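Participant: Fit chain B to the supplied structure of chain A, relying on the hints for placement.
So the protein lines, in turn, are chains A and B.
Heads up: the first sequence is residues 1 to 379, going by the numbering used here.
Heads up: the second sequence is residues 1 to 119, going by the numbering used here.
Just to be clear, a hint being listed does not mean it is correct.
Far from chain A by the CB rule (all over 10 Å, computed), these chain B residues [said to hold, decoys possible]:
{"hint": "1", "residue": "Gly-42"}
{"hint": "2", "residue": "Gly-81"}
{"hint": "3", "residue": "Val-107"}
Which bits of chain B does chain A cover? Going by a derived footprint, with three or more residues having C-beta under 8 Å, they are [claimed, not checked]:
{"hint": "4", "stretch": "57–68"}
{"hint": "5", "stretch": "91–101"}
By construction, these hints were calculated from the structure, which means they are not laboratory data.
None of the values given here were measured: they were computed from a predicted structure.
Cβ atoms here follow ideal geometry from the backbone N, Cα and C, with glycine treated the same way.
Here are the chains, one letter per residue:
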Amino acid sequence: MTRPQIAVGLVLLALGCQKPVKPGDPLPELSRAERDRFDRGKVVFDSVFTPETGLGPLFNATGCGECHEDPAGGRGDEVEVHATAFHAPVCDPLAQEGGPVIQQHSTPALKQALGIDAEPFPPSATARAMRTSPVVFGRGLLDLVPDSVLLAYADPGDRNHDGVKGRPNRFADGRIGRFGRKAFVPTLREFNAGAFAAEMSVTSPEQPTEEDIGGKPIPAGVDPAADPEITQAQLDFADDFVRFLAPPTPLKLGQDGRHGRDLFSQLGCASCHIPTLRTGYSPVPALANREFAAYTDLLLHDMGPDLADICLGLATPADFRTEPLLDLRGAEHFLHDGRATTLEQAIELHGGEGSAARDRFKTLSAADRAALVGFLKSL
Amino acid sequence: MRPDIRMAALTAILLVPLVTSAPAHWRALESAQPAASYTFQGTVHAVNTRTGALELVTGVGMSLRIVRMTTAPTTRLIAAGTAPRLADLKPGDVVRAECRRTTAGLVADRVEKLAVSTP
Numbered sequence: 001m002t003r004p005q006i007a008v009g010l011v012l013l014a015l016g017c018q019k020p021v022k023p024g025d026p027l028p029e030l031s032r033a034e035r036d037r038f039d040r041g042k043v044v045f046d047s048v049f050t051p052e053t054g055l056g057p058l059f060n061a062t063g064c065g066e067c068h069e070d071p072a073g074g075r076g077d078e079v080e081v082h083a084t085a086f087h088a089p090v091c092d093p094l095a096q097e098g099g100p101v102i103q104q105h106s107t108p109a110l111k112q113a114l115g116i117d118a119e120p121f122p123p124s125a126t127a128r129a130m131r132t133s134p135v136v137f138g139r140g141l142l143d144l145v146p147d148s149v150l151l152a153y154a155d156p157g158d159r160n161h162d163g164v165k166g167r168p169n170r171f172a173d174g175r176i177g178r179f180g181r182k183a184f185v186p187t188l189r190e191f192n193a194g195a196f197a198a199e200m201s202v203t204s205p206e207q208p209t210e211e212d213i214g215g216k217p218i219p220a221g222v223d224p225a226a227d228p229e230i231t232q233a234q235l236d237f238a239d240d241f242v243r244f245l246a247p248p249t250p251l252k253l254g255q256d257g258r259h260g261r262d263l264f265s266q267l268g269c270a271s272c273h274i275p276t277l278r279t280g281y282s283p284v285p286a287l288a289n290r291e292f293a294a295y296t297d298l299l300l301h302d303m304g305p306d307l308a309d310i311c312l313g314l315a316t317p318a319d320f321r322t323e324p325l326l327d328l329r330g331a332e333h334f335l336h337d338g339r340a341t342t343l344e345q346a347i348e349l350h351g352g353e354g355s356a357a358r359d360r361f362k363t364l365s366a367a368d369r370a371a372l373v374g375f376l377k378s379l
Numbered sequence: 001m002r003p004d005i006r007m008a009a010l011t012a013i014l015l016v017p018l019v020t021s022a023p024a025h026w027r028a029l030e031s032a033q034p035a036a037s038y039t040f041q042g043t044v045h046a047v048n049t050r051t052g053a054l055e056l057v058t059g060v061g062m063s064l065r066i067v068r069m070t071t072a073p074t075t076r077l078i079a080a081g082t083a084p085r086l087a088d089l090k091p092g093d094v095v096r097a098e099c100r101r102t103t104a105g106l107v108a109d110r111v112e113k114l115a116v117s118t119p
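Isolated chain A (complex conformation) (with noise of 0.2 Å):
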């Protein structure tokens, strides 16, 4: 053997020998200066707020780390409520009534203030939705795709006939989204600023601003801690954090597992749930041009009238982001609130855009339905 074929073999033995990546770890090409600020991010991920250091005086939650846990940055048991109101073909995010999320929580003085436990529903809300947490693991991936990628995957006119359209969301500012459930928010730095004022009020230098209740000043007093609450250095921690959070490595696919991935694509699954995606240029070598499993187009769909709950953005009531599928193993509930407890019950609530796919599915066998929800649980 030549030493060229040495060191092939050697560096096909590493790469079989790579450990899998668990849900919570983060990307394994991290230089040591990325590793470490993924470290210091996880401790303010994991941090507890209190109204001293920053939180209220409406809130969701204490800390990121109550809703994504188990680990870090992995999916919760809470359900949050967000409303906005649809006057076709406008949405207004209620912004001006604390919409669109709406914060289930008082802190003490806050409740002594205004007798209040939560966020007053907003008035002129046309409609009320339910958010389960998401996972997190693979956003770093996902926020580095260029929207040209997207833009290629969509159709609104269904010019290829197949009843998949797809169309991107756009923020307040017009630019295109690609996180949260309707796909409203353009990067993942905005989704995790944002997510500490509208979950924590916890300001920061990007959002220094806390916001009304209901519309209304925050009465004096109630809010001890200055603006911003949290330093730069404490925001690009808990940004790198989760930017450098791994999707876990599916599991290995038995034969039944490789039926299951063959059935996802005939049935036309993965039209929306596009398989895999490329991320484009980034500093961070670990996240720059890599192909890596997706299973969304991160554009909206139009579900049907069964799901629809919201407007936000672009989106209609109906429309929904195709859910990246990252980390479904671990799940014990699916769709945007959690209303389904199997991956057989929410295939079988997909409609709108999803319907025909859904109604192949329900024409499987008992074996071949096993497969493909076999499949799914290796993601």
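Facilitator: Same frame as chain A, but now just chain B:
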């Protein structure tokens, strides 16, 4: 130091804190702006043609805020090369507004309606 140079320096010293203490999203597009001017890009939430008031939805992620400003007779309104009236702006339109802070609040100097395309 010449009086005019001294005056310019003093003005700069006084205006710098106004800009650096502004919320981050107020400063998002500030680089090409003179001191104490702010640029907001957001969705029109409400227009009052009688008072000249304009409300935009802006924000960071899912944390949204309403920015309130007024327009004046001198405010330039622009849309794809045309000069619309304030009444032509409607909720849902995406605009970029260049404002300055006054004792009466934000006053828009220029409001441009943006063409946001969908594929």
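Participant: Which hint numbers does the structure go against, in order from smallest to largest?
Facilitator: Checked against the structure, the only hint that fails is number 1, while the rest are satisfied.
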